[in-house]
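Participant: Line by line, the protein sequences give chains A and B. The opening residue of the first sequence carries number 843 in the working numbering; numbering runs sequentially from there. The opening residue of the second sequence carries number 843 in the working numbering; numbering runs sequentially from there.
If you are wondering where the hints come from, they were derived from the structure by calculation, not from laboratory data. This one's a predicted model, so the numbers in the text were calculated from it and none came from an experiment. Watch out, some of these pointers could steer you wrong.
Given that identical chains are not distinguished, each listed pair holds provided it fits within a single copy or across any two copies.
Claimed, not checked - Listed below are the simulated BS3-like cross-link pairs for lysine-lysine, each with C-alpha atoms no more than 30 Å apart in a straight line: (1) K885 to K1068; (2) K1083 to K960; (3) K1068 to K1083; (4) K864 to K1173; (5) K1083 to K885; (6) K1173 to K1100; (7) K1173 to K885; (8) K1173 to K1068; (9) K1083 to K864; (10) K864 to K1100; (11) K1100 to K1068; (12) K1083 to K1100; (13) K1173 to K960; (14) K1024 to K979; (15) K960 to K878.
Residues per chain, in single letters:
2 protein chains.
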Amino acid sequence: MSLSEARTIWWNNGLWIIDQTKLPGSVNNINIHSLKALIQAIKTLQIRGAPALGAAGAYGIALAAYFSKSHNAQDLLQELEWAGSRIRSARPTAVNLSWGVDRTLRAVMNVETVEEIKEASLREAECIADEDIRINKAIGRNGSKLLEDGDNVLTHCNAGRLACVGWGTALGVIRSAVEVGKDIHVYACETRPLNQGSRLTAWELAQDGIEVTLICDSASGSLMRKRCIDKAIVGADRITKDVVFNKIGTYSHAVLAKAHNIPFYVAAPLSSFDLNHDEAAVCVEERDASELSILGDVRLAPGGVEIFNPAFDATPLELITAMITERGVFKPPLMPII
Amino acid sequence: MSLSEARTIWWNNGLWIIDQTKLPGSVNNINIHSLKALIQAIKTLQIRGAPALGAAGAYGIALAAYFSKSHNAQDLLQELEWAGSRIRSARPTAVNLSWGVDRTLRAVMNVETVEEIKEASLREAECIADEDIRINKAIGRNGSKLLEDGDNVLTHCNAGRLACVGWGTALGVIRSAVEVGKDIHVYACETRPLNQGSRLTAWELAQDGIEVTLICDSASGSLMRKRCIDKAIVGADRITKDVVFNKIGTYSHAVLAKAHNIPFYVAAPLSSFDLNHDEAAVCVEERDASELSILGDVRLAPGGVEIFNPAFDATPLELITAMITERGVFKPPLMPII
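Start from the sequences, fold in the hints, and give me the full structure.
Facilitator: The following block contains the structure:
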């Protein structure tokens, strides 16, 4: 199995993930030995990315079942409902986390024995994980037609295999284009404050031998002005009927792309769409100030200074040239029927 | 002397600077004991900011004279010419460095004795340093009229007292507005990769009790969309007849400000104007890749990954609502006569 085929989250006598907070320094696979540990892993971004969180939500239910001491199905199902609500609240913005939890809970709802619930929840989680890779490869195939040989493509954050079970969404499109022989060069924004661009995107593209240049987030405008960027592709944490929620900075890149007449694509599975809601209904997670004020042993900002650190921003659909999904490419306001 | 009156560079039986690479952790005043040490301090950004570099260029000539062992005026002047060319090349983009060197060299050109050259070069450097503060206070007075009570003002990088001998240009405007009783809240962009926004701007505003909120560079667009920002003010490293060179990211903020109908101001002394040249004539300094890949003991990007790290970008004048100088406020394409 090549590195690009490796999974970000998998089951092997228990739940395993790659600890993404340790990349690119070291590739640590860690065993998630309790529901509490999974929730902690989600909160600290040891596992992150909307599609990966979908699988994490599903595996979380399987994990709760696996470790349960309940002796009857009724008690176990109640326990899993409670586990589900704890998992859902670990991160509020990405819709996939709830989606993975809910789908796995539905799969066991009418199962009658403890043993069968344990098996059925794991089966559903494994099914979601397998599906994720198939879906991302379909997104990749659909999106790769939008990229031309020689394109310079801007991306923000990490919507790669590390944000999914495998292959990736935005980076999956790039992988699929490279797979069919197109020469693609990626500009990866470092993505402050947690540097998913430098730590994860640059790492996974370099692993796959895809040409990548790392830049500061604020350099995208200047590169667009100098005609160094042909297209931009990002992932999504949640797509409502009016906006795309994605990593803070996405909106700035989208406005800049529009101003320079550069196509701006969003690649996401249908499980990231939440078309019953609009922007106002979604809570944008604010993360700890220390993410901007301290890095390793270096103090970047004076103690006590006010810091505003939203994890996401909202990009109106009219700034998005097209949405790339497993079901095809949609030009907003046209949206997939889900 | 209050902290906000303290100078960034000064002469006291030799040349002293605040080591800006140590802020906000500690306030280290260091004695610059040779021309080589000054050039190193400029290259490593222990001293930085266009107006401060003007004074550093001037003091550099005084320093070279001070330490010279030349016994006749002719030899000393040759030595100072050579020192000037070394200082000028320490950083290529900010025009003030050359301006400070050239002005001090001109002041000693016709001086006839070694002792008088030493005195005259130091006198000229002290004069430039004193002038810098007077000029910045004039910029502040002129610019403060553009700010209204209650304004939320975005700034990028550090165009504060630490970028000058004192008071500041962009932050000088904010200081002057606060001094006349206006309530101003500043959004400081952290300014990757060297975090002058978090390390310097947040620090000096907090020292002065001016309300400041630190944000990621990429969050400016989202804040503008949410109507949290009323105005933007930045400094400049060089203003040519067509563009403003300033810290990487300035152009992105300017395009975003235009898209959201937010005034975008540049505050700079006339010594930063270089109206005989255009964008194409200016070399944009590219800095070391390690500024993006390593921070303290943390590796942010995998070794060997390609990194593009320009220190500056160019913002066309049409994106600038007005230039704030010591001689008044100019709306491009109108430019000060210098």
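Participant: Are the hints correct? Go through all of them and say.
Facilitator: Going down the list of hints, with the structure as the test:
no.	hint	in the structure
1	K885 to K1068	between (39 Å within a copy, 26 Å between copies)
2	K1083 to K960	neither (36 Å within a copy, 72 Å between copies)
3	K1068 to K1083	between (34 Å within a copy, 19 Å between copies)
4	K864 to K1173	neither (38 Å within a copy, 50 Å between copies)
5	K1083 to K885	within (27 Å within a copy, 50 Å between copies)
6	K1173 to K1100	both (15 Å within a copy, 26 Å between copies)
7	K1173 to K885	neither (33 Å within a copy, 49 Å between copies)
8	K1173 to K1068	both (27 Å within a copy, 25 Å between copies)
9	K1083 to K864	neither (36 Å within a copy, 48 Å between copies)
10	K864 to K1100	neither (35 Å within a copy, 40 Å between copies)
11	K1100 to K1068	both (15 Å within a copy, 19 Å between copies)
12	K1083 to K1100	both (20 Å within a copy, 27 Å between copies)
13	K1173 to K960	neither (42 Å within a copy, 71 Å between copies)
14	K1024 to K979	within (16 Å within a copy, 57 Å between copies)
15	K960 to K878	within (18 Å within a copy, 71 Å between copies)
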